[in-house]
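Produce the complete structure using the sequences and hints provided.
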Amino acid sequence: MTVDFITPVVDDPFNVFAMGGRPIVALNVVCFPTKYLELEVLQKILEGGFERVRSAGAFLVGGHSVQDDEPKYGLVVYGEAEKSKLWRTTGAHEGDNLILTKPIGTGIAITAIKAGMIEDESTRTEAADSMMKLNMIELPDELHTAVHAGTDVTGFGLAGHLSDMVNGGLNCEINLKSLPSITGVKDLADMGLVPEGAYRNMAAFQDNVDVDGQFQQADVDMVYDAQTSGGLLLAVDPEKSSAVLNHIRQKGFERAEIIGTFTAGTGRIILSEGRF
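So in my numbering, the last one in the sequence shown is 276, and the numbering has no gaps at all.
If you are wondering where the hints come from, they were derived from the structure by calculation, not from laboratory data.
Heads up, the beta-carbon is just placed ideally off N, CA and C, and yes, glycines get one too.
Hints are not guaranteed to be accurate.
Unchecked claim - DEER-style ranges, computed between Cβ atoms:
(1) G62 with R255: 34 to 40 Å
(2) A204 with F59: 33 to 39 Å
(3) A264 with E47: 48 to 54 Å
(4) T266 with M136: 33 to 39 Å
(5) S242 with S122: 27 to 33 Å
(6) H93 with T7: 35 to 41 Å
(7) H93 with A203: 27 to 33 Å
(8) A243 with D69: 46 to 52 Å
(9) S55 with V211: 35 to 41 Å
(10) K44 with S122: 21 to 27 Å
In structure tokens form, the structure reads like this:
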């Protein structure tokens, strides 16, 4: 069972969405300023949430709403999974490849959208499409068991959530050259449009991160950017990682990439120039 809700990040209220996993039932959580916005806007927000819930194969069975000065929307979600098939944050093996299913950079894109600094409309479109994409990736049994650990990339950024996957006996080396990002976000980061959440993540996790190479600051900022409805991080048996990656791409996650590998170590995240 999980809950998440967000403030608006796009103008079209149909695009407000925060949900992931394999849900069965969901409840709306709504804050809405009826004094400032028409009820038709609230109707479209709820229609958007309902469409995503049904697309996930779940049922929307009610919810709760309150008056607020700023609109907020989200969902409480209950889901189930077979105990033997659960992906936990720990459990990666030495030698596993790390797959990221969505490009990162939604935090920077949202900051630029709110500031009215988006010049390339493909950035806005790509960010919205990524956030709306359900993280439902059903693998056949022979590939499902090849995934040894998994998590999603949300508010704590890539570095924060990857920190949950490395333990005292492992490091994870990330190839920054293979890290997919939303079109234009690195240029936006160069302009200083880095959200406060990214700086908080950097302060919290940078002591666990080693930069091994010469990189632009924007490249490093990507690993700390706080994501809304980000992708999945999967630790995968190297002998089956290509098959898992191809299956994920065929499911509509065209930007999915193998971005790193787990090695013996002491719980470090290493940003490299791609030696693996």
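Taking the hints in turn, this is what the structure says about them:
For the pair G62 and R255, the supplied restraint of 34 to 40 Å holds, since their beta-carbon distance comes to about 35 Å. For A204 paired with F59, a C-beta distance near 37 Å keeps the hint of 33 to 39 Å intact. Taking 48 to 54 Å as the suggested C-beta distance range, the pair A264 and E47 conforms, at roughly 51 Å. Between T266 and M136 the CB atoms are about 35 Å apart, so this pair conforms to the stated range of 33 to 39 Å.
S242 and S122 have their C-beta atoms about 29 Å apart, which keeps the hinted 27 to 33 Å range intact. Between H93 and T7 the beta carbon distance is about 39 Å. The supplied range of 35 to 41 Å therefore holds. A C-beta distance of roughly 31 Å is found between H93 and A203, which places it inside the suggested range of 27 to 33 Å. Judged by the Cβ atoms, the range 46 to 52 Å given for A243 and D69 holds: they are separated by roughly 50 Å.
Our hint of 35 to 41 Å for S55 and V211 holds, since their Cβ atoms are close to 40 Å apart. Look at K44 against S122: about 24 Å separates their beta carbons, and that is inside 21 to 27 Å.
Consistency with the previously given hints is maintained throughout, with no hint failing.
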